[in-house]
Each structure stands twice: as structure tokens, then as C-alpha cells.
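Those sequence lines, one after another, are chains V and X. Using our numbering, you'd call the opening residue of the first sequence number 1 and step up by one each time. Using our numbering, you'd call the opening residue of the second sequence number 1001 and step up by one each time.
Calculated from the structure, these hints are not laboratory results. Certain hints may be false.
What the hints assert, rightly or not - DSBU-like mimics (lysine-lysine), calculated; alpha carbons at most 30 Å apart, straight line:
{"id": "1", "chain 1": "V", "residue 1": "K71", "chain 2": "X", "residue 2": "K1209"}
{"id": "2", "chain 1": "V", "residue 1": "K114", "chain 2": "X", "residue 2": "K1209"}
{"id": "3", "chain 1": "X", "residue 1": "K1398", "chain 2": "V", "residue 2": "K77"}
{"id": "4", "chain 1": "X", "residue 1": "K1174", "chain 2": "X", "residue 2": "K1094"}
{"id": "5", "chain 1": "V", "residue 1": "K115", "chain 2": "X", "residue 2": "K1209"}
{"id": "6", "chain 1": "V", "residue 1": "K71", "chain 2": "X", "residue 2": "K1229"}
{"id": "7", "chain 1": "V", "residue 1": "K132", "chain 2": "X", "residue 2": "K1094"}
{"id": "8", "chain 1": "X", "residue 1": "K1398", "chain 2": "V", "residue 2": "K63"}
{"id": "9", "chain 1": "X", "residue 1": "K1354", "chain 2": "X", "residue 2": "K1313"}
{"id": "10", "chain 1": "V", "residue 1": "K64", "chain 2": "X", "residue 2": "K1125"}
{"id": "11", "chain 1": "V", "residue 1": "K54", "chain 2": "X", "residue 2": "K1365"}
{"id": "12", "chain 1": "X", "residue 1": "K1278", "chain 2": "X", "residue 2": "K1398"}
{"id": "13", "chain 1": "V", "residue 1": "K77", "chain 2": "X", "residue 2": "K1229"}
{"id": "14", "chain 1": "X", "residue 1": "K1209", "chain 2": "V", "residue 2": "K64"}
{"id": "15", "chain 1": "X", "residue 1": "K1125", "chain 2": "V", "residue 2": "K63"}
{"id": "16", "chain 1": "X", "residue 1": "K1094", "chain 2": "V", "residue 2": "K64"}
{"id": "17", "chain 1": "V", "residue 1": "K71", "chain 2": "X", "residue 2": "K1127"}
{"id": "18", "chain 1": "X", "residue 1": "K1127", "chain 2": "V", "residue 2": "K63"}
{"id": "19", "chain 1": "V", "residue 1": "K114", "chain 2": "X", "residue 2": "K1177"}
{"id": "20", "chain 1": "X", "residue 1": "K1365", "chain 2": "V", "residue 2": "K114"}
{"id": "21", "chain 1": "V", "residue 1": "K64", "chain 2": "X", "residue 2": "K1127"}
As the list claims (entries may be wrong) - A short list of chain V residues far from chain X (calculated; beta carbon distances all over 10 Å):
{"id": "22", "residue": "Q59"}
{"id": "23", "residue": "G82"}
{"id": "24", "residue": "A102"}
{"id": "25", "residue": "D105"}
{"id": "26", "residue": "I133"}
Cβ coordinates follow ideal geometry from the N, Cα and C atoms, glycine included.
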Amino acid sequence: MATLRFNSLTGTLEKNPTSSFSSNPRLSWAYFQCNNKGERRASRMTVKAMGAAKYKGTQMREKKLTEMIEKKVTEAKQVCEGDETSDECKVAWDEVEEVSQAKADLRLRLEIEKKDPLESFCEENPETEECKIYED
Amino acid sequence: MAVCPVYTTQSLNSTCSISTPSKTHFSSHHNHLVFYRTSKRTSKRGGSSSCVITCSAGDSQTVVIGLAADSGCGKSTFMRRLTSVFGGAAEPPKGGNPDSNTLISDMTTVICLDDYHSLDRTGRKEKGVTALDPRANDFDLMYEQVKAIKSGIAVDKPIYNHVTGLLDPPELIKPPKILVIEGLHPMFDERVRDLLDFSIYLDISNEVKFAWKIQRDMAERGHSLESIKASIEARKPDFDAFIDPQKQYADAVIEVLPTQLIPDDNEGKVLRVRLIMKEGVEHFSPVYLFDEGSTISWIPCGRKLTCSYPGIKFSYGPDTYFGHEVSVLEMDGQFDRLDELIYVESHLSNLSTKFYGEVTQQMLKHADFPGSNNGTGLFQTIVGLKIRDLYEQITASKTAAPLQATKA
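Full structure from sequences and hints, please.
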């Protein structure tokens, strides 16, 4: 299996949002630190609240995807402990990718469309649980 | 809906003029006869004449575009830029499944090929196959439905729900003017490939993919550099075996690489982007710099244009790609200001723009999209204009509206 070569990242990774072309609201400030296990983890300075989430259904989806990412990363690490090249290991990391992308898509959609994805659904079905207005 | 262009012919002693074009909703399979009476009486013969307009809408086909990308479905910025070139915003189908992956605008419908998964998340886990594996996808259904839509027949397409990992009840897809199929395998099956009028492959290099996924995932609880790296590596064998080989079939490849302008850059923010355009594709004329077919290296920054670090560098030239003749246009660096963008646009040729500055205008319209200041946004916009040009050429050659003037 080909290994991915990369230069070790410096201790600080800063996002510079001063492009005169655009301000990208979805970037959050993150920097890397080594924790006591020697693993690099990101510390979140501020996490931008996800765009225009208005309905409970969207908030529930966000929450579910966040939990799934965490859960599936843990599962993948466990499954791959035995054999990194096994099918089970591949599938486990593929699931991590799927839910990570789904969460990113939701985030991007909220920011670009600037309205809740459930907007038109909730116009038709305002009485459902999903369509309750989300209060922070 | 088919728009029927109407031509007037002049026959002996009578003129048939149509003052206001009328748009009627034709179903794709029927020929319609429209009788149109002129208001004026003809002078010489003394009788009124009527014009018969025949519209053959039966063979107006949907133009089908394939886009291979590993970056999620239907919500990608490429699709939004493309639909924006045609005008109007692409939105999910109103009132349907809120987890639908489909995007619809006036002219285009974008469907996500994940909807053709034959195995849902549980099924794939049981069988030990990733989503990248052809065994997880129903190519027969993909082919049947794309073929049907192309010939003007609406289909009930399944929905793959990325949140639940299940296959949801189908949604109705009506034939649009332009159908875009986006996903991991648009060019995998030969029958589907043959249905495509144009195909694009988005080729992200490993280093850039890693940098992008870091940007995407590092803020998520549960992710770390290690998990992001492990995920990419675990998917790589299937990606190399099943997805990557499709690029040889693409009419245009957008290759995204780390910049060469900054030594040892690994942040993946400044990018080197190559637009590889196949020669000899019907209705597609590659973009070029200065002199078509020659080899050019161009740094626009200098006396007339001041750029900030690291600047911009272009190159253009012929090449071969998997045995095909291609032209490659490459941009390394970033746009910092509007005037840099318009300067570059004014030196590119064969852009298929309808007016000077259209590329810049499109880029500005979506300045908040990722890639708006580099070659990814630029080349995606240019490919969008090329697709518009291709669409117009195809539909011009297909519409036939003979007009016969008859005497009353």
C-alpha cells in the first residue's frame, strides 16, 4: 500500500481570512498541539455556529452527524487494530469519510444557501417534530 | 418544455409574419401543428393567408454531462458554478425528501450517483465493500434511467440518504434541458459513458486532498490528523482501482496540485491547477493562451499588473494524456484583486463567453465559494461556459422547424 508522504506541519496552522475577494465564514480557527499521547489534536478556538439552521430537524441532523463521526472513528480504530489491510478496516474508514462529508455538505449548504434545508419541507409540514423552530 | 424557433418564409405574394413568439409546452414526444393567422390581408391576391408551423419536438434530447468527483454530491461548488452560468440558482426539489441529493434549476438537474447504490451502509458493511467498489452500485439501473431521461422520459429515481445510510423511496425526475450526473462512477460503465455528451474528471492530488480534508474535518470532535490520514489511506486502494482509471475517458480533467511557487508549501491553500482538454471532441474547442497549439509560459505580474505574493503563473501547451492529444492550460497562484482576474481573462482565447468580462463576472458572483481566488474556481467557471456552448451547439443542430406558408 502506498504511503502518504507529507511534511510535518508546523505547530501553528493559521487560517488567514483577509482575502480581499471573499470572507469565508465557514473557516474556524484551529491549531495543532500534541497531547500527552503524542497524537496531534486540534484545539478549537472558536467554532463558527452552523449558518442558518432554523428548524429542529436540521439541528438534529447536525447533532447526529457529529456523534456519528466520533463513533465511527472510534470503531474504525478498533477494527483496524487487527489488520489494517482487511476489508472491514477499509469499510470502517469509508464510513467515517461518508459521514464527515455529509456533515461538511450540510455545513456548506447552510452557509451558501443561507436558509435551512428543511425550509420547503416545513412549509408543507409545519406540525411535525422536525419542523419545530430550534431555540439555542 | 421545448422552445420551437419559428422561421418565416416568403412565398409568392404573401408574407407571413409572426409578431410575438408564443411558447407552448410541448411534451417531448409529440409533433405539434400550430396554425397562425396573420392579421393583415395580403394585397395582391385578396385573401388572408395562414402559416403552418411544425415543431418536431420528438427528437429534442436532454444533454447529459458527467462529473467524476470524490467530494460529495450535488452540493459541490462546481455544480453551483455550472448552474449559475445558465442562470438561476439550483435548489433541492421542493416539498420532497429533505435528504434528497438532487439539485434542480431552470435549465439543469443534477443527480447524485450515490442514489444508485445497490447496497446501503449496512449492506456494504456486511459484504465488506466500500462505496467506491462497483459491487455497491447498480449500473444497470443507472444506465436505464439516464437513457430514459435522455430520451425525454421521466423516471422514479431512488434516493440514498447520507445521514441514515439507507435507501429512501424514489423521487420523480423529469427530463431537464441539461442533466448532470455527478459522483464516483459516471464514466465507469461503458453504456453510461456512451450517453454522456461531455465528461469531466476532478483529479485532486494526494497532498491537496489531505490538506483539504484537514480543513474539512479538524474542527470535528473525534477527528485528528491521524484519523484523517488513516481514512484517506484506507480508501486509496479502492480509489486507485475503480475511480482513478475513469480519467482517461474524460473530455476535460481538472487536476489540482500543490503550488510550485512556494517551496515546501503544504497548507494546500495556494494551488496549481491544470485544465487538461481533449482535442477533437465534438462541440468543444479548448481554451488557449495567445497562440493555439504553441507552448507558452506567462507571468502576468509585472509593469502593467502588480500582484502580491506568491503571484500568478500561467502555462499552456499541447500534450498527450493516456494516448490522447490534449491541450493543457495551467494556473499556479492566487487572484488577490479584481483587476488581476480581468487582466487574465482578456488574454485568454476561446473562452465561449458571450461578452467581455463574463468569466470575471461569474467569479465575482460567487466570491464566497471555495476556490474563487485560484485556478479551481477559474477553470470550473470556464468549463461551465464550455458546457453552455456545447449545449447551444447541440440544440441548434437538433431543432428543425420548417415553416410552410399556405394560401387560404
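Each hint, compared with the structure:
| no. | hint | in the structure |
| --- | --- | --- |
| 1 | V/K71 - X/K1209 | holds, 23 Å |
| 2 | V/K114 - X/K1209 | holds, 27 Å |
| 3 | X/K1398 - V/K77 | violated, 56 Å |
| 4 | X/K1174 - X/K1094 | holds, 14 Å |
| 5 | V/K115 - X/K1209 | holds, 29 Å |
| 6 | V/K71 - X/K1229 | holds, 17 Å |
| 7 | V/K132 - X/K1094 | holds, 19 Å |
| 8 | X/K1398 - V/K63 | violated, 50 Å |
| 9 | X/K1354 - X/K1313 | holds, 26 Å |
| 10 | V/K64 - X/K1125 | holds, 20 Å |
| 11 | V/K54 - X/K1365 | holds, 26 Å |
| 12 | X/K1278 - X/K1398 | holds, 24 Å |
| 13 | V/K77 - X/K1229 | holds, 12 Å |
| 14 | X/K1209 - V/K64 | holds, 25 Å |
| 15 | X/K1125 - V/K63 | holds, 23 Å |
| 16 | X/K1094 - V/K64 | holds, 24 Å |
| 17 | V/K71 - X/K1127 | holds, 21 Å |
| 18 | X/K1127 - V/K63 | holds, 28 Å |
| 19 | V/K114 - X/K1177 | holds, 27 Å |
| 20 | X/K1365 - V/K114 | holds, 15 Å |
| 21 | V/K64 - X/K1127 | holds, 25 Å |
| 22 | Q59 | holds, 13 Å |
| 23 | G82 | holds, 14 Å |
| 24 | A102 | violated, 4 Å |
| 25 | D105 | violated, 5 Å |
| 26 | I133 | holds, 16 Å |
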